[in-house]
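Chemist: From first to last, the protein sequence lines stand for chains F and C. Letter by letter, the first sequence follows residues 14 to 127 in my numbering. Letter by letter, the second sequence follows residues 65 to 179 in my numbering.
The hints are simulated quantities; they were obtained by calculation from the structure and are not laboratory data. Even for Gly, the Cβ is constructed at its ideal location relative to N, Cα and C. Any given hint might turn out to be false.
Some chain C residues close to chain F (C-beta under 8 Å, calculated; not the full set) [as the list claims (entries may be wrong)]:
#	residue
1	102
2	103
3	107
4	147
5	151
6	154
7	167
8	175
Once the Cα atoms are required to be at most 30 Å apart in a straight line, the calculated DSBU-like pairs of lysine-lysine come out as [stated by the list, open to error]:
#	chain 1	residue 1	chain 2	residue 2
9	F	83	C	116
10	C	100	C	116
11	F	122	C	100
12	F	16	C	105
13	C	104	F	16
14	C	86	C	116
15	C	83	F	51
16	C	116	F	16
17	C	82	F	29
18	F	83	F	51
19	F	51	C	86
20	F	83	F	16
21	F	126	C	83
22	C	82	F	16
23	C	82	C	105
24	F	29	F	51
25	C	116	F	122
26	F	83	C	83
27	F	122	C	104
28	C	86	F	122
29	C	83	C	104
30	C	82	F	122
31	C	104	F	126
32	C	100	F	29
33	F	126	C	105
34	C	104	C	82
So the derived label-pair ranges between C-beta atoms look like this [stated by the list, open to error]:
#	chain 1	residue 1	chain 2	residue 2	range
35	F	68	C	117	28 to 38 Å
36	C	82	F	59	45 to 55 Å
37	C	82	F	44	38 to 48 Å
38	F	28	C	108	39 to 49 Å
39	C	69	F	30	15 to 25 Å
40	C	72	F	124	22 to 32 Å
One-letter residues, chain by chain:
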Amino acid sequence: AQKVTQAQTEISVVEKEDVTLDCVYETRDTTYYLFWYKQPPSGELVFLIRRNSFDEQNEISGRYSWNFQKSTSSFNFTITASQVVDSAVYFCAGFGVSNYQLIWGAGTKLIIKP
Amino acid sequence: ETGVTQTPRHLVMGMTNKKSLKCEQHLGHNAMYWYKQSAKKPLELMFVYNFKEQTENNSVPSRFSPECPNSSHLFLHLHTLQPEDSALYLCASSQLDRVGQETQYFGPGTRLLVL
């Protein structure tokens with residue numbers, strides 16, 4: 014069975030702090046895809062990134078960066094110099110080629126205090 | 065225009081009412097999805113349509129009836145709902161490739177309250 018674990022239910026930091034959200038994807042597939050989505054209070058799920066299991070390069074996009082470790086199937090998300098607008102629920106999801114379905118984590122609620 | 069639109073954004077209905085949720089995607093995708101998001105619960109996949117054919121139905125009660133007349137439009141018909149059906153209903157679309165992998169793009173959702 015495939016499973017996505019986001020161990021942090023809620024994180025609260027003060028603005029400008031760096032924060033890392035954890036995600037672990039359990040699968041027997043050697044080929045799989047990992048995603049991060051952001052859900053602000055408005056409700057819409059906003060796609061942030063997609064990563065293939067065979068591409069272990071880390072990725073940076075502005076204040077966002079992602080660290081993929083295939084050995085542990087972890088795909089962590091770091092926000093540098095956090096801002097109040099980063100407050101949202103962040104979801105990690107995984108897609109294994111044997112399952113053919115996107116599996117979602119429970120989400121991490123991120124609160125950025127001014 | 066935004067990629068995936070949903071109407072209405074908010075809906076309050078009684079248990080005896082019949083209503084429909086509408087989703088439209090402007091991304092040229094070939095697959096569409098309905099998800100349910102309840103408070104304190106994980107995102108639940110309800111239905112998947114691939115090239116207008118329903119390929120997934122995750123044991124959803126028959127009071128929820130999907131309809132996909134074409135690859136751009138998806139409806140969720142609601143009748144005799146229960147209070148526990150109150151949730152955020154999200155529509156998504158994606159372009160399935162040969163592997164079947166996709167990036168799903170979501171609409172803003174419909175917040176449904178059943179009284």
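Chemist: With reference to the structure, classify each hint as holding or not holding.
Modeler: Results of checking the hints against the structure:
The closest approach between the C-beta of residue 102 of chain C and any C-beta of chain F is roughly 12 Å, which is over the 8 Å cut-off, so the hint fails. The beta carbon of residue 103 of chain C comes no nearer than 11 Å to any beta carbon in chain F, farther than 8 Å, and the hint placing it at the interface is violated. Annotation: residue 107 of chain C was flagged as interfacial toward chain F, and the flag holds, the nearest CB pair being 4 Å apart, inside 8 Å. With its C-beta approaching chain F no nearer than about 20 Å, residue 147 of chain C sits outside the 8 Å limit, and its interface hint is violated.
Hint status for residue 151 of chain C: violated, given a least beta-carbon distance of 11 Å to chain F, over 8 Å. Evaluation of the residue 154 of chain C hint against chain F yields a held restraint, the C-beta minimum of about 6 Å falling below 8 Å. Given the 8 Å rule on beta carbons, the hint for residue 167 of chain C holds: about 5 Å separates it from the nearest Cβ of chain F. Taking 8 Å as the C-beta contact cut-off toward chain F, the hint placing residue 175 of chain C at the interface holds, the least distance being around 7 Å.
Our distance criterion of 30 Å between C-alpha atoms is broken by residue 83 of chain F and residue 116 of chain C, whose separation comes to about 36 Å. Distance restraint check for residue 100 of chain C and residue 116 of chain C: the Cα-Cα separation of roughly 20 Å lies within the 30 Å cut-off, and the hinted pair is therefore satisfied. Between residue 122 of chain F and residue 100 of chain C the alpha-carbon distance is near 18 Å, which keeps this suggested pair within the 30 Å criterion. Proposed proximity of residue 16 of chain F and residue 105 of chain C is supported: the alpha carbons are some 15 Å apart, at most 30 Å.
Using a Cα cut-off of 30 Å, the hinted pair residue 104 of chain C and residue 16 of chain F holds, with the two alpha carbons roughly 18 Å apart. Taken as a hint, the residue 86 of chain C and residue 116 of chain C pair is honoured in the structure, with Cα atoms around 15 Å apart against an allowance of 30 Å. Using a Cα cut-off of 30 Å, the hinted pair residue 83 of chain C and residue 51 of chain F holds, with the two alpha carbons roughly 29 Å apart. Using a Cα cut-off of 30 Å, the hinted pair residue 116 of chain C and residue 16 of chain F holds, with the two alpha carbons roughly 28 Å apart.
For the hint pairing residue 82 of chain C with residue 29 of chain F, the CA-to-CA distance comes to about 48 Å; that exceeds 30 Å, so the pair is violated. Between residue 83 of chain F and residue 51 of chain F the CA atoms are separated by roughly 23 Å; this keeps the pair inside 30 Å, and the hint holds. Restraint check for residue 51 of chain F and residue 86 of chain C: the C-alpha separation of about 23 Å stays at or below 30 Å, so the hint holds. Under the criterion of a C-alpha separation no larger than 30 Å, the hint pairing residue 83 of chain F with residue 16 of chain F is consistent with the structure, at around 15 Å.
Between the alpha carbons of residue 126 of chain F and residue 83 of chain C the distance comes to roughly 40 Å, so the proposed pair goes past 30 Å and is violated. Between residue 82 of chain C and residue 16 of chain F, the direct Cα distance comes to roughly 36 Å. Violation of the 30 Å bound is thereby established for this hinted pair. The hinted pair formed by residue 82 of chain C and residue 105 of chain C meets the criterion: a straight-line CA distance of about 25 Å does not exceed 30 Å. For the given pair, residue 29 of chain F sits about 19 Å from residue 51 of chain F by alpha-carbon distance, which is consistent with the 30 Å threshold.
Distance restraint check for residue 116 of chain C and residue 122 of chain F: the Cα-Cα separation of roughly 35 Å exceeds the 30 Å cut-off, and the hinted pair is therefore not satisfied. Of the supplied pair hints, the one linking residue 83 of chain F and residue 83 of chain C is violated, its CA atoms being roughly 46 Å apart against a limit of 30 Å. Annotation: proposed proximity of residue 122 of chain F to residue 104 of chain C holds, straight-line Cα distance about 11 Å (limit 30 Å). About 28 Å separates the Cα atoms of residue 86 of chain C and residue 122 of chain F, which keeps this hinted pair within 30 Å; it holds.
As the CA atoms of residue 83 of chain C and residue 104 of chain C are separated by approximately 25 Å, the hinted pair is consistent with the 30 Å bound. Between the alpha carbons of residue 82 of chain C and residue 122 of chain F the distance comes to roughly 34 Å, so the proposed pair goes past 30 Å and is violated. This hinted pair checks out: residue 104 of chain C and residue 126 of chain F have alpha carbons roughly 22 Å apart, not beyond 30 Å. With a C-alpha separation of about 34 Å, the suggested pairing of residue 100 of chain C with residue 29 of chain F is violated against the 30 Å cut-off.
For the proposed pair residue 126 of chain F and residue 105 of chain C, the alpha carbon gap of about 25 Å is at most 30 Å, so the pair holds. As the CA atoms of residue 104 of chain C and residue 82 of chain C are separated by approximately 27 Å, the hinted pair is consistent with the 30 Å bound. A beta carbon spacing of about 32 Å between residue 68 of chain F and residue 117 of chain C agrees with the range 28 to 38 Å that was offered as a hint. Taking the beta carbon of each, residue 82 of chain C and residue 59 of chain F are about 32 Å apart, not inside 45 to 55 Å as hinted.
A beta carbon spacing of about 44 Å between residue 82 of chain C and residue 44 of chain F agrees with the range 38 to 48 Å that was offered as a hint. Checking the proposed 39 to 49 Å range against residue 28 of chain F and residue 108 of chain C shows it is violated: the Cβ atoms sit about 33 Å from each other. In this structure, residue 69 of chain C and residue 30 of chain F break the distance hint of 15 to 25 Å, their C-beta atoms being roughly 36 Å apart. Between residue 72 of chain C and residue 124 of chain F the C-beta distance comes to about 29 Å, which sits within the given range of 22 to 32 Å.
Of the numbered hints listed earlier, those contradicted by the structure are 1, 2, 4, 5, 9, 17, 21, 22, 25, 26, 30, 32, 36, 38 and 39.
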